[in-house]
Structure formats: structure tokens, C-alpha cells
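Visitor: Going down the list, the protein sequences come from chains P and Z.
Using our numbering, read the first sequence as starting at 1 and increasing by one per residue.
Using our numbering, read the second sequence as starting at 1 and increasing by one per residue.
It should be emphasised that the hints constitute simulated quantities derived from the structure, not laboratory data.
Be careful, since some hints might not be right.
Said to hold, decoys possible - With a straight-line Cα cutoff of 20 Å, these simulated EDC-like cross-link-like pairs (lysine to aspartate or glutamate) come out:
id, chain 1, residue 1, chain 2, residue 2
1, P, 9, Z, 67
2, Z, 278, P, 22
3, P, 9, Z, 176
4, Z, 274, P, 491
5, P, 10, Z, 122
6, Z, 275, P, 133
7, Z, 55, P, 131
8, P, 605, P, 491
9, P, 10, Z, 164
10, P, 906, P, 729
11, P, 9, Z, 270
12, P, 5, Z, 176
13, P, 18, Z, 171
14, P, 10, Z, 270
15, P, 9, Z, 173
16, P, 10, Z, 177
17, P, 18, Z, 32
18, P, 5, Z, 180
19, P, 615, P, 553
20, P, 18, Z, 164
21, P, 18, Z, 249
22, Z, 274, P, 136
23, P, 239, Z, 164
24, P, 3, Z, 171
25, P, 18, Z, 17
26, P, 239, Z, 171
27, Z, 278, P, 433
28, P, 9, Z, 84
29, Z, 274, P, 133
30, P, 5, Z, 32
31, P, 3, Z, 164
32, P, 532, P, 433
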Amino acid sequence: MLKSKTFVKKTRAGGVMKVVREHYLRDDIWCGSEVCTECKDGAPVLQQDARVESDLCAYPHYLIPDTNVVLHQIDILEDPLIRNVIILQTVLQEVRHRSPPVYKRIKDATHEKEKHFYTFTNEHHRQTFIEREQGESINDRNDRAIRVAAKWYTEHLNKAPSVGELKVVLLTNDRANRDKAEQNGLLAYRCEEYIKSLTGNPELVDRLALTSDDQNEITGSKLLFPEHLPLSRIQAGIKSGTFLQGTFRASRDNYLEATVFVQREGDDSTEVLLQGLQNLNRAVHQDVVAVELFPKEQWVAPSSVVLQDDRPSDKETEEEEAEKKLESPVLDPSRLKPTGRVVGIIKRNWRPFCGMLNQSQIKEATRHLFTPADRRIPRIRIETRQASTLVGQRIIVAIDGWPRNSRYPNGHFVRNLGGAGDKDTETEVLLLEHDVPHQPFSQAVLSFLPKMPWGITEEDLKVRADLRHLCVCSVDPPGCTDIDDALHCRELENGNLEVGVHIADVSHFIRPGNALDQEAASRGTTVYLCGKRIDMVPELLSSNLCSLRSNVERLAFSCIWEMNHKAEILNTRFTKSIINSKASLTYAEAQMRIDDASMNDDITKSLRGLNTLAKILKGQRIAKGALTLSSPEVRFHMDSETHDPIDLQTKELKDTNSMVEEFMLLANISVAQKIYEEFSECALLRKHPAPPPSNYDILIKAAKSRELEIRIDSAKALADSLNEAVLEDFPYFNTLLRILATRCMMQAVYFCSGMDSDFHHYGLASPIYTHFTSPIRRYSDIIVHRLLAVAINADSTYPDLMDKHKQSSLCNNLNYRHKMAQYAQRASVAFHTQLFFKNKGILNEEGFILFVRKNAIIILIPKFGLEGTVFFENNDKPGPRLNFDSEGPTLTVEDQHTFHIFDRVKVTISLDASNIQHQKIRMALVEPVIPGVSVALPEPEPEAKKLKLDR
Amino acid sequence: PPPVSLSSLHVDDLRVDGRGCEDYRHMEIETDVVSNTDGSAKVSLGHTDILVGIKAEIGKPRPMVPDEGYLEFFVDCSANATPEFEGRGGEELGVELSNTLYKVFNNRHSLDLRSLCICPGEHCWVLYVDVLLLQCDGNLFDAMSIAIKAALFNTRIPKVHISEDEEGVKEIELSDDPYDCMRLNVENVPCIVTLCKIAHRHVVDATLQEKACSVASLLISVTHKGMVTCVRKLGRGSLDPDSIFEMTETGKRVGKALHAPLMELLQKEESLGKKRQKVGFLA
């Protein structure tokens with residue numbers, strides 16, 4: 001039966017459009033219950049004996065939650081105890097509309113077999129579909145649809161012969177809805193009521209989200225925050241320009257400070273500074289907020305104070321003191337930033353947060369504060385009866401709301417991850433905190449993998465270039481199992497050289513649009529943590545079928561150049577191919593072969609040819625102004641059994657590293673040119689914008705302090721002046737400068753060529769660039785492969801590939817995932833560094849000052865690539881006299897010693913485990929000696945420990 | 001053969017198909033037939049088949065009448081209707097028909113154009129009246145006018161209101177209730193009666209055959225009160241003043257009689273509400 005659904009909507013141009021959708025009703029939608037004999041359901045989901053221990057519903061029953069119950073109490077619904085739930089399509093659609101993350105979670109729950117969740121498409125069922133009536137709001141209609149479906153279930157199940165006591169229970173927190181349901185003869189309860197009745201599992205109550213009903217209890221207390229404006233006024237204000245809309249970014253270092261990033265049309269964007277709890281007005285990191293700018297006289301400068309909200313309870317006097325600390329006379333008006341306050345929240349971006357419980361001092365208290373691992377998130381007040389078991393555990397908590405009279409937001413307990421400090425728990429935490437999808441691949445995804453045993457077919461041979469005879473080899477770090485790339489070089493008869501870069505042909509295995517492709521697109525990148533890899537594609541592909549291992553036939557996408565001996569490209573050819581790598585080498589092995597004059601086999605000759613060309617290419621690139629930057633990278637030597645780090649080593653670069661890198665860059669540039677030529681509107685490219693000159697301030701100041709000049713008018717000038725900035729008596733100085741320069745850079749990003757006009761890659765000094773060479777671990781490369789394959793007629797295209805808007809949103813996801821992967825990687829290194837120092841006791845090391853702050857100096861220890869902060873202020877005792885000069889920047893302590901950037905200092909390093917959640921490396925000053933500030937040299941006792949470990 | 005029918009017409013007020021001179025052929029009307037319009041009607045008169053759809057869009061009022069909305073007409077002479085319309089054959093006729101419709105309907109006497117105003121000088125409703133000729137079997141104008149009146153009756157325009165913020169920036173807001181809409185008052189919307197002069201007499205609702213015999217015809221648009229709002233002569237031949245007068249009188253009489261049953265029918269149809277069995281195009 002056909003019905004049509006009609007609604008009117010406003011178009012962007014201000015017009016009004018009538019939209020009509022066809023809607024089909026059917027009578028073959030089954031109820032999904034085991035007891036039913038009428039429906040011809042082959043595998044019913046809902047159990048016959050749907051019994052849980054409850055003093056409200058002693059009979060077996062199915063639950064039907066309404067939309068708000070699903071939205072707010074998803075944590076409860078996900079509990080394994082809650083089974084036999086009917087999710088109505090009406091509910092699902094509303095949830096999807098209102099919260100995509102909750103939608104995904106409820107979908108996942110319905111896919112889980114043990115949960116016995118059944119999705120009933122009531123909107124398409126002939127007997128449960130209802131039309132909106134005159135004067136009925138859409139919410140009322142949906143509530144009615146839910147009741148009609150519940151009523152239908154009740155009557156339908158009663159017809160079954162073996163129904164027994166089985167009943168249908170509607171869960172809704174809406175009183176009107178509940179009353180109406182009861183009038184219709186339905187069983188309806190409030191969610192809290194029902195959960196509290198589950199006598200067998202009292203711990204579930206903790207996971208109930210606090211709904212607004214409960215919050216009203218405490219309205220007696222003082223209102224702490226100004227009211228948020230309603231959305232309509234916010235929108236009007238944004239339109240008229242009185243308010244600005246932007247993303248709220250809390251400061252990591254200072255809980256009383258935040259910025260709002262306001263994106264305006266075009267590239268014009270600004271940051272608005274917010275200071276003080278009142279002005280932050282309950283906004284949480286990542287929320288989309290509306291801010292009102294203060295008049296210019298009230299503008300302030302970002303404070304350079306580090307403030308952490310770690311007081312045991314909310315004492316307001318301290319709050320005020322802390323706020324006072326922010327205020328400091330600013331002499332330099334150029335440092336004043338547009339300042340404002342939050343007037344309303346446009347969209348909350350709350351997610352479940354990892355963190356730990358601070359148990360309340362009162363023993364029987366059920367309300368406790370929870371400290372999230374992410375410093376930018378405020379502490380959250382939760383209610384739990386199992387505080388004593390949760391202490392010392394990493395837990396997940398979700399925010400439910402933030403009333404005006406509460407200093408902290410209210411939330412509820414979601415899940416216990418495990419003991420803090422435990423390696424698996426901490427890895428889980430950092431994956432969750434950085435939003436890295438790390439669940440095992442689903443069956444749907446795995447179903448698109450090629451069937452084993454896999455081999456090259458006749459068909460492949462017909463359409464691909466057979467390069468199996470070539471002497472191809474791969475060079476990678478030791479232990480690498482996902483080999484993306486392999487190389488070859490040989491002399492041609494005409495005296496020129498043929499160089500080939502062969503990249504794993506991942507797009508052959510991952511076809512556009514299937515579950516495998518969607519999962520890879522969503523993950524975006526493989527994430528490498530210390531001792532753990534979170535794959536973008538299932539292992540069968542990443543470590544086997546796609547990996548270009550030696551002595552097996554593999555499919556590849558090859559980029560082959562003919563070059564002369566001056567490394568000038570004479571022609572470029574792209575082809576899908578079949579290769580058989582002759583050797584998988586490590587960088588060290590390859591270097592050894594090149595250096596060993598006695599070796600003259602084909603592989604070695606090929607490597608030497610490549611190495612020679614790479615050196616020429618690198619020279620050319622640097623001449624053009626490519627930057628060589630530095631960041632301290634460390635490698636851990638892991639214990640093979642415990643996987644604990646036993647040694648730290650900064651990464652060493654060999655010639656062969658840069659040899660492979662050079663050819664990858666060349667291949668990426670060649671491919672970028674080709675796909676842009678072919679698809680000027682939808683090529684996926686990578687750009688690296690030149691940083692705004694102000695970014696370099698700190699670098700210029702730092703160099704100036706040593707009477708050196710850094711020129712920043714072009715990448716070339718910067719590269720040259722960095723090369724010249726060498727101090728005879730300070731060999732590490734240049735590296736320090738380069739580390740600093742790296743921090744001045746912008747993020748390189750993916751973009752779609754049709755949506756942007758600036759393609760330049762600043763760091764590589766290339767007018768165009770893309771990623772082609774690592775399709776196993778980056779999704780961007782898969783798209784580039786597909787584009788290139790279409791360009792050379794090796795594969796067919798598909799609509800999304802040519803849609804620049806779709807591609808642009810894909811780029812946004814990839815950029816986000818890459819950034820998060822990077823952060824996760826850093827967090828993992830930091831955690832392993834802590835583990836390392838935990839075993840070492842107190843160490844005494846030499847380091848350099850990287851930054852000077854108002855109340856602290858940040859120190860880099862080159863030996864470990866470790867960065868740490870030496871605070872000159874302590875909460876418990878009065879601090880020394882500090883004198884900060886932002887011009888230098890310099891910091892004078894006790895009028896005795898002035899710290900400059902890059903000063904050499906000696907510090908002790910130890911692990912500070914006093915805050916178990918934020919275990920940190922504590923650094924204390926040893927040299928220069930400042931009485932009352934620096935510490936004495938520690939006993940040489942740790943050495944003994946070290947020997948033991950090194951055995 | 002024509003001579004016989006002409007004489008019988010002359011003598012007995014009897015036409016080839018047995019009708020009297022002032023009789024219409026069998027007529028069927030159905031409204032709300034195209035769901036993605038704001039108002040629609042399908043009229044079949046004999047074998048003439050006409051579909052009218054009305055879409056309301058927000059536009060800018062004409063500068064001369066800033067407080068009125070307006071109507072736009074488009075007549076599509078589809079080649080389905082008659083083979084003559086194939087290619088661009090129907091274009092000229094289409095333009096002629098729509099010009100006439102514009103004259104007849106787009107004035108404040110037939111429709112309260114002021115009710116289409118949203119915000120004087122800035123926004124008004126523009127009703128795009130699309131007429132589709134599905135089958136031509138004579139007397140297009142009468143059938144079209146009835147279909148347009150029925151479609152206007154059926155038209156539901158979403159209610160909008162103008163909100164104004166502190167700075168005086170106006171914004172159009174749309175009600176989210178699809179039932180919350182505005183209806184048009186079609187009381188004064190005229191119907192067209194076309195009279196064909198055949199020999200010494202004139203007939204209403206001429207078939208194609210009758211039209212072939214006629215020298216000229218007179219188009220008269222008449223309101224329910226019998227007021228004539230527009231008169232046009234169609235065809236090549238000439239009409240003497242006496243017969244024009246006579247024909248006008250007939251037109252007024254016939255036209256006036258047409259409105260009441262039409263309105264009654266439309267109201268009856270609407271009162272059925274959702275229970276009404278839609279016939280649509282498959283009847």
C-alpha cells in the first residue's frame with residue numbers, strides 16, 4: 001500500500017519548498033518473537049523466556065524504550081543484562097536525527113546476538129503506521145506512533161498460543177506519554193523506576209543518566225552561572241553580528257581560560273579569548289558556542305600561568321584568587337586578544353570521557369568528583385555506590401548536564417576499563433581519548449576479504465604489466481610487516497636509467513563502497529603505538545596479500561621513470577603490474593650492501609644506482625628551498641617478554657632512509673601532477689600552507705638572543721638561514737633551532753583540488769603534492785590510487801570519486817584521523833617514557849631550555865628526546881620571586897639567575913606518581929644552583945638499578 | 001453529415017450528440033491529484049482532459065502593486081493531446097492560452113491578490129499555475145477555467161510569518177505543522193464560457209466537429225454573480241453586434257449556472273477528507 005508523506009521546508013535561498021516522499025506500507029513485517037506462530041519469521045530474535053529479576057515486572061517481558069530513554073540511557077541499554085528490547089523504527093529515526101553517536105551505539109547493540117534487540121519497522125507496518133493529525137506536533141505524533149506499536153505488540157502477542165505471562169513494557173520518562181499509555185491499557189514505567197526494580201543488579205543504577213527531573217532537587221542553592229540564551233536568540237544574534245559562533249577550545253594548561261575559534265566566510269577566522277568561570281559559562285571543550293565580544297577596553301592577553309583545577313573541594317575563595325592570578329597588567333597592547341564571554345551553547349559535543357574517581361572524603365557519600373584524563377575537560381560529579389571499588393581504576397563517565405547552580409557538570413558512570421597504570425588499560429584509554437577506532441574488524445568487513453588461498457590469475461596477467469623479472473627490492477625499518485613500497489633501478493640500452501617505484505595495489509582488494517572500504521575510510525590511517533599497531537585494513541591484507549614481501553608474487557601499482565644520470569626525468573609511466581621482490585632489506589642492511597665494495601649482485605647495483613640518484617634529487621630539492629627540520633624522535637627497546645621498555649634511543653637516520661624517502665617524494669609529486677592534470681576538480685592532494693610570519697616570533701627571538709638572524713620571507717631563506725645558524729661552541733644549537741622551527745609550522749592537510757586554490761607544499765617546496773606511496777596504512781593513498789587507475793584506464797570510476805563535496809568531507813575526516821593518530825602516538829611514547837623512568841629511579845641529566853614561561857621553564861633532554869617542565873611555584877609553599885620578560889623571553893628567579901631560551905641546565909628526572917591519573921615526569925633544577933629553588937644532586941644509587949636492568 | 005445536423009440544430013435545438021445548445025458534455029472533476037503541488041485538479045470534459053497544478057513560491061511583489069501577490073500561467077500543449085502539438089507545434093497555442101488565462105484570472109476582482117502578500121514590497125506568494133493539456137476534444141478554455149478554479153480551491157499555502165529582530169532584519173519563518181496553511185477565497189473566481197456561432201445559432205461546449213463548422217466564437221468569463229469580467233472573440237469570422245449581445249446573455253446565464261454546482265461538488269469532495277478514494281489517472 002502506498003502512502004505519501006508531505007512536509008514543507010525552507011530552502012537556502014529563502015523560499016519554501018514542498019517535499020513529497022512516497023511511503024510504502026506492508027503486511028509482511030514480523031514481530032520477531034519466539035512465541036509468535038502467526039509471523040513467518042525464520043529466526044526470531046526476541047526470546048520466549050524474557051525474564052529478568054525485577055520486583056516491578058515479575059513476569060517475562062519485552063521492553064520498548066521511547067526516544068528519550070534511548071538517547072539518555074544508552075549506557076544502560078548497552079549493559080549485557082538488558083535483553084529482549086524492541087527498538088521501534090520511529091525511535092531509531094529520531095535518535096539518528098538527534099545524535100549520530102548514540103544511533104551508532106544502538107545499532108551496534110541490535111547487531112549483538114546475545115542482546116536480543118529487535119528492530120521493528122513500525123513506520124512501514126500496515127497496522128502500526130499512523131499519519132500526523134491536524135494540530136498534532138511531530139513529537140506528539142511520534143509518541144503516539146510508539147504507543148500504537150506497543151499496543152499492537154500487546155494484542156499481537158496475546159494471540160499466540162504459548163504467550164504465557166509474556167508482556168510488553170513501555171519505558172518512557174514523559175509523564176503525559178505514560179498517562180496516555182496507561183489509558184490505552186499498556187504497561188508503562190519510568191526508566192529509573194524500572195532499573196531500580198532490578199533487584200539482582202543494583203550496580204546498574206549507577207549508570208543511569210541524571211535527567212532534569214533529578215536535578216531540580218537542588219535548586220535551592222546559589223546560581224553560579226549566567227543563563228544560556230535560547231537558540232532562537234542566539235541565531236538572531238549571530239545573524240546580526242552581535243554574537244559569534246565558534247568551537248570552544250579549553251586550554252590544556254589553564255582551566256580558567258579558553259579560546260573560541262570563529263570560522264568566518266573565506267579564510268578569515270579569528271580566535272576569541274575567554275577567561276574566568278563565569279565567562280566560560282559551562283561550555284565544555286569542543287562544544288559549538290555563541291560568544292559575545294567585550295568592548296576593546298576589556299580585552300586581555302592570554303595568561304602564561306599554568307593553572308590546574310586540582311583542589312579537593314569547591315572553595316570559592318581559592319577560585320577568586322586563581323582568577324586574580326590571571327589578571328596582570330599588560331604593557332604591550334599588541335598582545336591583547338579579542339575577549340568575550342559565552343552567551344549560549346549551540347551544540348554540545350559531549351562524548352564519554354576516560355578518567356578517574358576522586359573519592360569523596362565522607363565515607364558514605366554517593367556523590368563523587370571524577371577527573372577526566374583530558375585536562376581540557378572539567379571535573380564531573382557522578383553518583384555511585386561503588387566508589388571504593390572504582391578508586392584506582394580507569395573509568396568512563398558521560399556528562400548528563402550542567403545546571404546553573406552547580407560548579408561541576410553532572411554525569412554518570414559508564415564502564416570500568418581496568419587498573420590505572422596497567423599497560424593495556426592505559427593503551428585503551430589513550431585510544432579512546434584520541435577517538436581511534438580500534439575494535440576488531442566486524443564480520444561484514446571481513447566478508448569482503450579475498451578468499452584464501454589467493455593467487456595471481458590469468459585475468460591479472462592479461463591486464464597488468466609483468467615486471468616479475470625486474471630486480472625489485474624493498475627497504476624498511478626492522479620488523480616491518482606492512483611493506484607498502486619497493487624499488488628498482490636498472491640501466492637501459494640507451495645509457496639512461498630506469499627507476500621504478502612499486503606500491504602495493506591495495507585498491508585492487510578494497511572495492512569502492514563496500515563495508516571494508518567504508519571501515520578503512522572511517523579509520524583513515526593505521527595508528528602505530530609503542531609495541532602495538534592498530535591497522536586500517538585487516539591483517540590478511542596489511543601483512544600478507546598487499547605487503548610487498550620478498551620472493552612472492554604481488555600486485556603493485558608502479559610508477560616508472562626514465563632518467564638520465566643527472567636525475568632529470570625524461571618520461572614517466574604509470575601501470576598496474578605484477579612484481580616479485582627479490583629482497584626485503586632493513587635500512588642498515590641496504591646501507592651495508594651499498595658500502596661493501598665486494599658486493600656486486602643485481603640488488604646491490606640497483607641500490608647503488610638509486611642511492612646516487614637520490615643524492616642528486618635531494619640536492620635539487622634543497623636548492624629549491626625544501627626544509628630539513630628536526631624533531632626529537634625516540635625508539636624504545638622493548639623487553640621481548642614483558643613488552644616493557646628497557647632502553648631509550650633517539651632515532652638515527654641513515655643514507656638509505658633518505659634514499660627511499662627521495663623516491664617516495666618523487667613518485668608522490670609525479671602522481672599528483674598526473675591526477676590533477678586528469679581531474680582538476682576532484683584530485684585528492686596534500687598541501688602545507690606557509691605559516692603566518694607571527695608564528696616565527698619565538699624562533700627569531702631565540703636566534704636573536706645568540707646574535708643570529710633567521711630570515712622568514714621564503715622557505716628558501718628560512719632553510720638557508722637555518723643552515724647558517726651554527727655556533728662553534730654549541731653543536732646542539734642548530735638542532736634546537738630546527739626543533740623550534742618545526743613547532744612554528746602549520747599542519748599539512750589533505751584537500752580536494754576543486755575546493756581550494758592554494759596547492760603549495762611549503763615544507764617540501766613543491767607546487768603540488770599528494771600521498772600515493774602508503775596505501776596499506778593511509779586511506780588517502782587508496783583514493784589517489786583509484787584516481788590514477790581511472791586516469792590510465794586501468795579501473796572504472798564511481799560517482800563519489802568525482803564528487804568534490806564528498807571528497808572534501810572525506811579529506812576532513814582523514815585530516816582529523818591523522819591528527820588524532822599523531823596525538824595518540826605521542827601519548828603512547830609519553831606513557832612508555834614514564835614506564836621507563838619508573839624503573840630507573842631518579843636520574844640526573846643535562847638539558848636545554850626550549851621555552852620560558854611566566855612561572856616555569858620547559859626543558860628538552862636530547863638524550864631521551866624528552867620534554868619536561870620545571871615549575872617555580874608550588875601550591876603548598878610560597879614561591880620564589882619571579883620576573884618575567886616577554887621580550888626575551890627571559891625569567892629571572894630570586895633576582896639571582898636569569899633563564900634564557902636554549903640555556904644549558906642540569907636537572908633531575910623522576911616519575912611523579914602522586915597523581916596516579918596524570919603520572920608525569922618531574923624535573924627539578926640542579927644547575928644553575930639557586931638556593932631554595934634548585935635541588936641537591938641525588939645519590940648515585942640508581943646506577944646499580946640500571947646495571948641490573950641492562951643485564 | 002453536417003447539413004443534417006445544422007438544420008436540426010437550427011430547428012430543434014438538437015446537436016449531433018443529442019445535447020441542447022446550452023448543454024455541457026459529461027464532466028468529471030477531481031482535486032488533489034498531484035501530491036507534490038500545493039493545489040491540483042483534473043477535469044475531463046467529453047474527451048478533453050486537463051490537469052492543473054499550482055505551486056506557491058515566495059517572490060517579490062510587482063513594483064506597481066507592492067501589497068499584492070500574483071499568478072503566473074503556463075500552458076503545456078503536450079503532444080499526447082493531439083499530434084499537431086508535436087515538436088514545437090503547441091508552443092504558439094500555449095502562449096495564446098496562457099495570455100488569455102492571465103487576463104481572466106490575474107486581477108483583484110477574481111482573486112484577492114492582497115491575501116498573497118507576505119510583506120509589502122518585499123515578499124509575496126507567486127502562484128505558478130501549470131496547465132497541462134492531456135487530450136484535446138474542443139472547448140479548452142471552459143475546461144481549463146473550471147480546472148483552475150478547482151485547483152485554486154484545493155490550494156493550501158503553508159503559513160509563514162515574518163519575524164523581526166532588534167536590528168529590523170526580517171526573516172521568514174515557517175510553521176512546522178503541515179496542516180497549518182492558508183486557503184484562497186475562490187468565490188469570485190470566474191469560469192469561462194465559450195460560445196460558438198454556428199449558422200444562426202450559438203452553442204456552448206463545442207466539440208471539435210462543431211468548432212470546424214463555426215465561423216467565430218466568443219469567450220466570456222463570468223463570475224458566480226453573473227458579472228462578465230472578460231470578453232474575447234476567437235476565430236477568423238466576424239460577429240454582428242446583435243449576436244454578440246445575444247451570445248453574451250447566454251454566456252452570463254450559462255456561466256452563472258455553472259458556479260453553484262461546481263462549488264457544491266468541491267466542498268463535498270473535501271468533506272470526504274482522507275476517506276476519499278482517489279481516482280487519479282488510472283480510471
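Visitor: Each hint should be assessed against the structure and marked as holding or not.
Guide: Against the structure, the hints come out as follows:
1. P:9 / Z:67: Judged against 20 Å, a Cα distance of about 24 Å means the pair is violated.
2. Z:278 / P:22: Satisfied, since the Cα-Cα distance of roughly 16 Å is no more than 20 Å.
3. P:9 / Z:176: holds, 8 Å
4. Z:274 / P:491: violated, 83 Å
5. P:10 / Z:122: holds, 17 Å
6. Z:275 / P:133: Holds - the C-alpha atoms of residue 133 (chain P) and residue 275 (chain Z) are around 14 Å apart, at most 20 Å.
7. Z:55 / P:131: Between residue 55 (chain Z) and residue 131 (chain P) the Cα gap is close to 23 Å, so the pair fails against 20 Å, i.e. violated.
8. P:605 / P:491: holds, 10 Å
9. P:10 / Z:164: holds, 17 Å
10. P:906 / P:729: holds, 18 Å
11. P:9 / Z:270: violated, 25 Å
12. P:5 / Z:176: Holds, at about 14 Å.
13. P:18 / Z:171: Satisfied, since the Cα-Cα distance of roughly 19 Å is no more than 20 Å.
14. P:10 / Z:270: Distance ~28 Å between residue 10 (chain P) and residue 270 (chain Z) Cα, so the pair is violated.
15. P:9 / Z:173: Holds - the C-alpha atoms of residue 173 (chain Z) and residue 9 (chain P) are around 10 Å apart, at most 20 Å.
16. P:10 / Z:177: holds, 13 Å
17. P:18 / Z:32: It holds: about 14 Å lies between the C-alpha atoms, which stays within 20 Å.
18. P:5 / Z:180: holds, 15 Å
19. P:615 / P:553: Judged against 20 Å, a Cα distance of about 30 Å means the pair is violated.
20. P:18 / Z:164: Distance of about 24 Å is beyond 20 Å: violated.
21. P:18 / Z:249: violated, 43 Å
22. Z:274 / P:136: holds, 16 Å
23. P:239 / Z:164: holds, 12 Å
24. P:3 / Z:171: violated, 33 Å
25. P:18 / Z:17: Since the Cα atoms of residue 18 (chain P) and residue 17 (chain Z) sit roughly 44 Å apart, the hinted pair is violated (cutoff 20 Å).
26. P:239 / Z:171: With Cα atoms ~10 Å apart, residue 239 (chain P) and residue 171 (chain Z) stay inside 20 Å; holds.
27. Z:278 / P:433: Violated: residue 278 (chain Z) and residue 433 (chain P) sit about 57 Å apart, past 20 Å.
28. P:9 / Z:84: violated, 40 Å
29. Z:274 / P:133: Measuring from Cα to Cα gives roughly 11 Å; hence the hint holds.
30. P:5 / Z:32: holds, 14 Å
31. P:3 / Z:164: violated, 38 Å
32. P:532 / P:433: holds, 16 Å
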